[in-house]
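2 protein chains.
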Amino acid sequence: MPSKRFFLPASRSEDLMKLDEIEVGPDMYNHMIKSMRMQKGDCCLLLDGRGHQGKVRIEEIDRDRESAVLKVINTEDAAGEPDTEIFIAQALAKKKKVETVIQKSTEIGARGFYPFSSRHAVVKLKADRVDKRLDRWRKIIREAARQSERGIRPDIFRPIDLDGLMDLSRDFEVVLLARAREARHTIKELSREKVVRKGRKILLIIGPEGGLAEKEIEKLISLKNCYDISLGPRILRTETAGPVLSGIILHEVGEMQ
Amino acid sequence: MPSKRFFLPASRSEDLMKLDEIEVGPDMYNHMIKSMRMQKGDCCLLLDGRGHQGKVRIEEIDRDRESAVLKVINTEDAAGEPDTEIFIAQALAKKKKVETVIQKSTEIGARGFYPFSSRHAVVKLKADRVDKRLDRWRKIIREAARQSERGIRPDIFRPIDLDGLMDLSRDFEVVLLARAREARHTIKELSREKVVRKGRKILLIIGPEGGLAEKEIEKLISLKNCYDISLGPRILRTETAGPVLSGIILHEVGEMQ
Numbered sequence: 642m643p644s645k646r647f648f649l650p651a652s653r654s655e656d657l658m659k660l661d662e663i664e665v666g667p668d669m670y671n672h673m674i675k676s677m678r679m680q681k682g683d684c685c686l687l688l689d690g691r692g693h694q695g696k697v698r699i700e701e702i703d704r705d706r707e708s709a710v711l712k713v714i715n716t717e718d719a720a721g722e723p724d725t726e727i728f729i730a731q732a733l734a735k736k737k738k739v740e741t742v743i744q745k746s747t748e749i750g751a752r753g754f755y756p757f758s759s760r761h762a763v764v765k766l767k768a769d770r771v772d773k774r775l776d777r778w779r780k781i782i783r784e785a786a787r788q789s790e791r792g793i794r795p796d797i798f799r800p801i802d803l804d805g806l807m808d809l810s811r812d813f814e815v816v817l818l819a820r821a822r823e824a825r826h827t828i829k830e831l832s833r834e835k836v837v838r839k840g841r842k843i844l845l846i847i848g849p850e851g852g853l854a855e856k857e858i859e860k861l862i863s864l865k866n867c868y869d870i871s872l873g874p875r876i877l878r879t880e881t882a883g884p885v886l887s888g889i890i891l892h893e894v895g896e897m898q
Numbered sequence: 642m643p644s645k646r647f648f649l650p651a652s653r654s655e656d657l658m659k660l661d662e663i664e665v666g667p668d669m670y671n672h673m674i675k676s677m678r679m680q681k682g683d684c685c686l687l688l689d690g691r692g693h694q695g696k697v698r699i700e701e702i703d704r705d706r707e708s709a710v711l712k713v714i715n716t717e718d719a720a721g722e723p724d725t726e727i728f729i730a731q732a733l734a735k736k737k738k739v740e741t742v743i744q745k746s747t748e749i750g751a752r753g754f755y756p757f758s759s760r761h762a763v764v765k766l767k768a769d770r771v772d773k774r775l776d777r778w779r780k781i782i783r784e785a786a787r788q789s790e791r792g793i794r795p796d797i798f799r800p801i802d803l804d805g806l807m808d809l810s811r812d813f814e815v816v817l818l819a820r821a822r823e824a825r826h827t828i829k830e831l832s833r834e835k836v837v838r839k840g841r842k843i844l845l846i847i848g849p850e851g852g853l854a855e856k857e858i859e860k861l862i863s864l865k866n867c868y869d870i871s872l873g874p875r876i877l878r879t880e881t882a883g884p885v886l887s888g889i890i891l892h893e894v895g896e897m898q
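Chains as they are written, first to last, in the working numbering: chain A, 642 to 898; chain B, 642 to 898.
Derived by calculation from the structure, the hints in this document are not laboratory data. Keep in mind that a hint or two might mislead.
Note: identical chains are not told apart, hence a pair may lie in one copy or across any two.
Claimed, not checked - Derived DMTMM-like pairs (lysine to aspartate or glutamate); straight-line CA-CA distance at most 25 Å: (1) K736 / D804; (2) K839 / E814; (3) K860 / E850; (4) K736 / E896; (5) K856 / D661; (6) K645 / E850; (7) K735 / E790.
Remember, predicted model here, so these are calculated numbers, not experimental data.
Whole structure, please, built from the sequences with the hints as guidance.
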């Protein structure tokens, strides 16, 4: 397996499985040829971000047009993708904390992220800051996906409010709401009952530092597919809960081994 | 349960279970009376750092001597302590990364930390920096222990080298060596075989960013009680592995619910 790994840019929608060769433009040219100093004939692993990866060889380099032609040698399903799709709905928190959640959870195997605003959240994200913040979050996710050898780049969506979160929850098979105290369910029990199982599409809701308001919790657990879960007697910070719960769920369904 | 929580300083060795009242000096006086503005008659939760906690009430405040007398109202075993003792041997890495490991793993329930130097480690800690770094690490652990409602403050020890790590490993019932690839065991399998089980004293070895050298791995897995374990197809950063594995182990033995 070549040690250098590249993702096709998010703007490209090619399916690597269906290509013999692929031409890449200035963004990848700069990364592969200028930064990584790859040369004609060198091989690397290319991921299409759609769950496929392949060994490719540099066939042509056009320095004027800043482009390169890559010959696809072989392709396969990317190894780093779990069948179980965990999306994390993370309450907005201080910048560094959200960044920790998305970086670590991407490494562990989360499929995507929905930031949301809640009553007790310390941080409110101003509308004019959202695009800039999304760009930064996407960059962190892309880099974590590359390093951890994911097959796709997890998605991150625009921040939503509690109503948006309620609507979103209806699209998932299972919604798990992390609670510091008084939770009625555990991952082990939900796993025994096959509520949490391999291949499911799971939304994991993580409250803010101050916790969700009682009314917010009531609303969410009134949803038919929502289970409030305990993480035990130790109180995890908001940025710790998502990565650790993702790891525990993927372990439980047999996708961390 | 009172919402304010305090640990007795590490220098105090009292067993809260055996006391009717306790006098605290300037360090706690400053924290309780000056910073938190508590007054005579106020109650709080006091942890002795030995696994016990109790509700105490401020009986006397002596502003000249900067001391206070606390009446012990009731005591119990601290709720936040798992029976399973996980110690993390963490390869030295960049400052922030080690801090992430000890902060997050303390929240999750690790019992202590052994930093160690290895061949491929990017960071070597100079001897004259060790004491300062230990002080900082202890402060991070203490704060994480308090916030996460642990019953004890996890320990952190002076950095050791690979020989020190080999010696240390012999004192543990089980040693788990996290490997990115080619591991022969999984936590699930070790749990089925009762190698990983509730109440055990486990050493978890996490290599540096560059990975452990082959020779280092060979030495460690030659130990009778050492099992190299896989974390699945996604490659976790050095600072992600310890917290996530601690969470998975505590989940597996039933102490994250």
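Here's how the hints hold up against the structure:
Taking CA atoms no more than 25 Å apart as the test, K736 paired with D804 passes inside one copy only; the shortest distance there is 23 Å, against 41 Å between copies. In this assembly of identical chains, the alpha carbons of K839 and E814 lie at most 25 Å apart only when taken from the same copy (12 Å versus 32 Å across copies). Proximity of K860 to E850 under the C-alpha cut-off of 25 Å is restricted to the intra-copy arrangement: shortest distance 19 Å within a copy versus 43 Å between copies. Taking CA atoms no more than 25 Å apart as the test, K736 paired with E896 passes in neither setting, with 30 Å inside one copy and 31 Å between copies.
Proximity of K856 and D661 under a CA criterion of 25 Å is satisfied in neither setting, with 56 Å inside one chain copy and 41 Å between copies. Within a single copy, K645 and E850 get their C-alpha atoms only as close as 39 Å, which misses the 25 Å cut-off; across copies the closest is 16 Å, which meets it. Taking CA atoms no more than 25 Å apart as the test, K735 paired with E790 passes between copies only; the shortest distance there is 22 Å, against 27 Å inside one copy.
Violation of the numbered hints given earlier is confined to hints 4 and 5; the remaining hints are satisfied by the structure.
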